[in-house]
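Now for the letters of each chain:
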Amino acid sequence: MSAYNFAYLDEQTKRMIRRALLKGMAIPGYQVPFASREMPMPYGWGTGGVQVSAAVMVPEDCFKVIDQGADDTTNAVSIRRFFQATAGVAVTEKTAEASVIQTRHRIPERDLRQGQILVYQVPIPEPLRFLEPSEVETRKMHALEEYGLMHVKLYEDIARHGDISTSYAYPVKVEGRYVMDPSPIPKFDNPKLGMAAIQLFGAGREQRIYALPPHTDVVSLDFEDYPFQAGKADHDCDLCGAGSSYLDEVITDDAGGRMFVCSDTDFCRERREAGHVGALGVEAVA
Amino acid sequence: MEQTSDMLTGGFSDAPRQSARAFRAALEAMARPGSTYVLQEMADAPAPVSRAAATLLLVLCDAETPLHLSGVCDTPAIRGWVTFHTGAPLVAAAEAMFVLGDWSSLDLRVLARGTAEYPDRSATVIVDGDFEGVDVSLRGPGIKDVSVTRLPDVVVFQENAAHFPLGLDFYFTRGAKLSALPRSTRVTAGENA
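Protein sequence lines, in the order shown, are assigned to chains A and B.
Per numbering that gives the first Met the number 0, residue 0 is the first one in the first sequence, and the count goes up by one each step.
Per numbering that gives the first Met the number 0, residue 0 is the first one in the second sequence, and the count goes up by one each step.
FYI, nobody ran anything at the bench for these hints, they're computed from the structure.
In silico DSS-like pairs for lysine-lysine, Cα to Cα no more than 27 Å straight-line: (1) Lys191/A - Lys143/B; (2) Lys143/B - Lys172/A; (3) Lys172/A - Lys139/A.
Work out the full structure: start from the sequences and follow the hints.
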């Protein structure tokens, strides 16, 4: 452990990231360019999130990492071990105990509180990128608040499919100013973006950082006659019976067998330990 | 020669950990405008710079961040301390990324407020020491309903917020205490406004 500087990055790099984080915090939803570093993991594995986590981490932190809600996937396990090795911080799988949570594509089911920080791994930070490939143009569009194209995209969804078919990375407007990509979280999670915790977004390959202070006004884009709807699978969790959590569909055999389980593994475990049993679940062994 | 020792001392003894803790407080402060945070382990710059302000300089400034010193904070001893500990180039106010000074000495009109395409290219102002404050109510990102605090002025901060997303971001430091006011905060005079 002593072979590394605290939290891996050198101090000058951390200062650069920290300055970007503060400007991001002061201009909610605006993408601050930063000099993203090579990290000892490939792009797409959370290099942006890791750099943000390294810049905010203190030795007293308790660190949690989730990948699509799960603590036990390769990506989550390796990032957790990375900071155990380089920062010596405590780690946990329990949302309630964590002070810094790095996430790929989910917001935990449990409400986050003041004092906690949620760090998102972001692949493509620019919400307009698939509509306009030029960075020069999209930057101008943000400057001029020219977001008509995004509404055209949502409108075309309706014209083609009958409703807004965008189901993840659903664009939001922050404090009535910047349109922001909330990272590829399911739109089920969008209503939680106004939470009490600090939210930080890091895109390593794209070299952008952005942020949401607590209690920020975050509105999912929609139309008066097609209001935003946060959808989920119309089912209860088969393990813990939860009816309000976001579900993963798991194929269980080659004969069409399937089950729905909470995507948030810590939420599901907590419920099962409290005695809740779903349709396909078994009683938790105490 | 006493000044020389002032210049060379007062840094962090364990920079990675101490600056991490101090930054965390600075981040929380910027995320919750008007809330006051008390720093624990601090740097120590020559008087009259507060320990909180000295700590902010060590956490945020380096050779890449042009710094402007203003008013009582612009002394040879402080210049020497800043240069030795951070390497930040000392510049005129208009070129500064960071500004440190007492409230009455600051000329905010000349500072960088960012551009429409890069609003982050704006100055962060560290207002150090006491000021004659007025009671204000704050609303905006980071504040649940309304937050009450004291600021050295009202109109200045209203104008700053009116230019959002352009604008200046402020830290207020006194002793070990730290609070912040980003450009996104809407300020009204009075406690119950």
